[in-house]
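*Asks:* Knowing the structure of chain A, use the given hints to seat chain B on it.
Protein sequence lines correspond, in order, to chains A and B. Just so you know, we're using this note's numbering here: the first sequence kicks off at 1 and counts up by one. Just so you know, we're using this note's numbering here: the second sequence kicks off at 1 and counts up by one.
In case anyone wonders, no lab produced these hints; they're calculated from the structure. What you are looking at is a predicted structure, and each value in this text was computed from that prediction instead of being measured. Heads up, some of the hints might be wrong.
As the list claims (entries may be wrong) - Some chain B residues near chain A, calculated using beta-carbon distances under 10 Å: (1) E80; (2) T85; (3) T89; (4) C91; (5) I93; (6) R106; (7) V108; (8) C110; (9) M115; (10) S116; (11) A121; (12) Y140; (13) F162; (14) A163.
What the hints assert, rightly or not - Calculated from the model, a selection of chain B residues having no Cβ within reach of chain A, i.e. all distances over 10 Å: (15) K30; (16) P118; (17) Q159; (18) Q164.
Note that the Cβ used here is the ideal one computed from N, Cα and C, for glycine as well.
Chain by chain, the residues run as shown.
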Amino acid sequence: MRYVIIGNSYTAVGAVESIRELDRQGEIIIISDEPYATYCRPLITYWITGSVDAEKLALRPANWYEDHRVTTRLGQKVVNIVPESRHVVLEDGETVAFDRLLIATGGKPFMPPIEGIDAEGVFAMAKLDDAKEFNAWVSQEHVEAGVIVGAGLICLSLFKAMEGMNIKFTLVELLDRVLGIALDHTASGMIEKRLLAAGVGVRTSSLAEAILQDEQGRVRAIRLKGGDEIPCQAVVMAVGMRPNVDLLEGSGVEVNRGIVVDDGMRTNVPGVYAAGDVVETWDIVNEMSHVIAILPLAYEQGRIAGWNMAGAERRYPGGIPLNSLPIFDTSLMTMGITITDDRPDLEVLTHQEADQVYRKLVFREDRLVGAILVGDIAHGGVLTALIRSQAPVTYDRQAMLKGDPLDIEVTRQREAARKNVLWERTPGPALAVR
Amino acid sequence: MVTPAPGTRREMLNQMTGQYTRDIIVDAGKCTGCMDCVDACKQAIAHEHPVIAPVARITIREALVEGGVHLPLLCRNCAEAPCVTACMTGCRIRNGSGWVVTAYERCVGCWMCVMSCPFGAIEAVHEEALARKCDGCTSYEVPPCVTACEPRALRVEGQTNFAQGRRRDFATRVNATLLGM
Numbered sequence: 001m002r003y004v005i006i007g008n009s010y011t012a013v014g015a016v017e018s019i020r021e022l023d024r025q026g027e028i029i030i031i032s033d034e035p036y037a038t039y040c041r042p043l044i045t046y047w048i049t050g051s052v053d054a055e056k057l058a059l060r061p062a063n064w065y066e067d068h069r070v071t072t073r074l075g076q077k078v079v080n081i082v083p084e085s086r087h088v089v090l091e092d093g094e095t096v097a098f099d100r101l102l103i104a105t106g107g108k109p110f111m112p113p114i115e116g117i118d119a120e121g122v123f124a125m126a127k128l129d130d131a132k133e134f135n136a137w138v139s140q141e142h143v144e145a146g147v148i149v150g151a152g153l154i155c156l157s158l159f160k161a162m163e164g165m166n167i168k169f170t171l172v173e174l175l176d177r178v179l180g181i182a183l184d185h186t187a188s189g190m191i192e193k194r195l196l197a198a199g200v201g202v203r204t205s206s207l208a209e210a211i212l213q214d215e216q217g218r219v220r221a222i223r224l225k226g227g228d229e230i231p232c233q234a235v236v237m238a239v240g241m242r243p244n245v246d247l248l249e250g251s252g253v254e255v256n257r258g259i260v261v262d263d264g265m266r267t268n269v270p271g272v273y274a275a276g277d278v279v280e281t282w283d284i285v286n287e288m289s290h291v292i293a294i295l296p297l298a299y300e301q302g303r304i305a306g307w308n309m310a311g312a313e314r315r316y317p318g319g320i321p322l323n324s325l326p327i328f329d330t331s332l333m334t335m336g337i338t339i340t341d342d343r344p345d346l347e348v349l350t351h352q353e354a355d356q357v358y359r360k361l362v363f364r365e366d367r368l369v370g371a372i373l374v375g376d377i378a379h380g381g382v383l384t385a386l387i388r389s390q391a392p393v394t395y396d397r398q399a400m401l402k403g404d405p406l407d408i409e410v411t412r413q414r415e416a417a418r419k420n421v422l423w424e425r426t427p428g429p430a431l432a433v434r
Numbered sequence: 001m002v003t004p005a006p007g008t009r010r011e012m013l014n015q016m017t018g019q020y021t022r023d024i025i026v027d028a029g030k031c032t033g034c035m036d037c038v039d040a041c042k043q044a045i046a047h048e049h050p051v052i053a054p055v056a057r058i059t060i061r062e063a064l065v066e067g068g069v070h071l072p073l074l075c076r077n078c079a080e081a082p083c084v085t086a087c088m089t090g091c092r093i094r095n096g097s098g099w100v101v102t103a104y105e106r107c108v109g110c111w112m113c114v115m116s117c118p119f120g121a122i123e124a125v126h127e128e129a130l131a132r133k134c135d136g137c138t139s140y141e142v143p144p145c146v147t148a149c150e151p152r153a154l155r156v157e158g159q160t161n162f163a164q165g166r167r168r169d170f171a172t173r174v175n176a177t178l179l180g181m
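The shape of chain A in the complex, shown without the other chains:
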């Protein structure tokens, strides 16, 4: 059996690991247009600051490919898939035959067609090369101010990067609040307050109309709808990701917004599977299929696809939107349905402690369908499990809301009440603390 995987990130890693559980003999070939061994994509913004080095950026140890007997063809782009004769065509015209094919090409950043988008100093932030280009630009040019278009997760994780860079960043967001697709007004307001306190400019309800260039074609400023101009020397476009389905043209694989797959990650073409950010996933809480481009689902679906490719029948029950992000000193989690405006079918419970803690639970009848946790994120996984399983919730909802679904406070008090502290620090390997 010859498995070919297009893509070399979380989905591909998941697929390889599950194929090798069942099939020690088959040949696995990974083809990727990026010349790097598999790396942690969300960490590229940490890499910019240097808080994560090249070694820590690797998702799996260096000998992982060898251990799993994977042949890699890195830096080679697949341009076409021919399911009838069971091969893929590379950029240089070479063909690679397959018995089972997994399309795990993920997403590509959406670059809105605005004036000046091809100016020098405009970056996407989706892969390591983007981060490298950004780093090179910042070190070469004298960048005093930068603009990030789109206040999504990519953008917010960038703020980790800018702390050490002495760049004054401004956020330009089309919606009326930051992280508008995941957060409600209250939670978003808390995050915005922290951004402002850290010296980040926030321009919500603003549409970037044009990127202005100087004579050499470098970014000079960005013009918003209404005429405002923000001077800047670097622009990061983080408007969103789109499924990377260019190579499927003419292949007969059904594509809606993402690739259409069944619950075994099979496409409509026999022997061709797809998983990860490139597919449309069944959303358990919204009860529809759409593209949920998040990391845990990518790995999970890779695992399911791998098992099915190797001959085991595994069903994928579907996923839910999940986000977790530390922003400065505040942690943030969202699961499932979080925007509840104009949704009379949902029961919403909220709890707020000054500016520090915000918790919101969203119920549909007796099922939990969504949650926002800001500040106090302990045991968010219990909520995630409740949402994913759609089990009837019989617990005390007020206790759940106060961050106490498992009587955490009782335990804390009991722990504090124990006077005879038995433990003491014994000498041992010290751990670097950040």
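*Replies:* Then chain B, alone, in the frame of chain A:
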């Protein structure tokens, strides 16, 4: 996870747990909430926390049912572990001992695993920006929390024995209450 030195008995035990698999079984009905396991855990892991007070990787909760049943919570070492699935740095992975462990030097504190763990067994240690969880103490013959547990609510046991014990307990209860034997 501190890797035992090569050639030591601890390393041998580590490999043995991988070969034969070992589970820390929780018998919630027997827990009295005495917190001895929590202290034992702190004692065992204290050297991994050089700056802050040790954060125990096992906790006891009052379960949500009436009557206050105590529920020891620690890593259940899931077969298809959601924390491994969600880990964006690849620092959480099942190692040779069969236990899902964490390479803390690579953890960046993104809390993705905290968001995924259905047991709430992962502690977000904000001071260190690390997501700490039970490593199974696979290089110990018996994990310290199990040693400390007097009512034997925590046990290192095969699942067959555990299930048989639970059935025997149930039979005893039925005999005592219903049949008056």
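*Asks:* Tell me if the interface restraint on B:A163 is satisfied: Cβ within less than 10 Å of some Cβ in chain A.
*Replies:* Because about 24 Å separates B:A163 from the closest Cβ in chain A, which is outside the 10 Å limit, the hint is violated.
*Asks:* Go through the hint on B:C110 and say holds or violated, using the shortest Cβ distance to chain A against 10 Å.
*Replies:* For B:C110, the interface hint holds, since the closest Cβ of chain A sits about 6 Å away, which is under 10 Å.
*Asks:* Quick check for students: does the CB of B:P118 sit more than 10 Å from each CB in chain A?
*Replies:* 3 Å, violated
*Asks:* Can the hint on B:S116 be confirmed by a CB-to-CB distance to chain A that is less than 10 Å?
*Replies:* The hint holds - B:S116 has a Cβ within 10 Å of chain A, the shortest such distance being about 5 Å.
*Asks:* Under the criterion of a CB-CB separation shorter than 10 Å, is B:V108 in contact with chain A as hinted?
*Replies:* With a closest approach of 6 Å, the B:V108 hint holds.
*Asks:* Let's test the interface hint: is any C-beta of chain A closer than 10 Å to that of B:F162?
*Replies:* Violated - the Cβ of B:F162 stays beyond 10 Å from chain A, reaching only about 23 Å at its closest.
*Asks:* Can we trust that B:Q159 is non-interface, i.e. its beta-carbon lies farther than 10 Å from all of chain A?
*Replies:* 21 Å, holds
*Asks:* Would the stated hint for B:I93 survive a check requiring a Cβ distance to chain A of less than 10 Å?
*Replies:* 8 Å, holds
*Asks:* Once the shortest beta carbon distance from B:T89 to chain A is found, is it less than 10 Å?
*Replies:* Because about 5 Å separates B:T89 from the closest Cβ in chain A, which is inside the 10 Å limit, the hint holds.
*Asks:* With chain A as the partner, please determine if B:Y140 meets the hint condition of a C-beta pair closer than 10 Å.
*Replies:* This interface hint is violated because 14 Å lies over the 10 Å limit.
*Asks:* Under the criterion of a CB-CB separation shorter than 10 Å, is B:T85 in contact with chain A as hinted?
*Replies:* Interface hint status for B:T85: holds (5 Å vs cutoff 10 Å).
*Asks:* Do the numbers back the hint for B:C91, that is, is its least Cβ distance to chain A under 10 Å?
*Replies:* 9 Å, holds
The structure does not agree with the numbered hints 12, 13, 14 and 16 stated previously, though it agrees with the rest.
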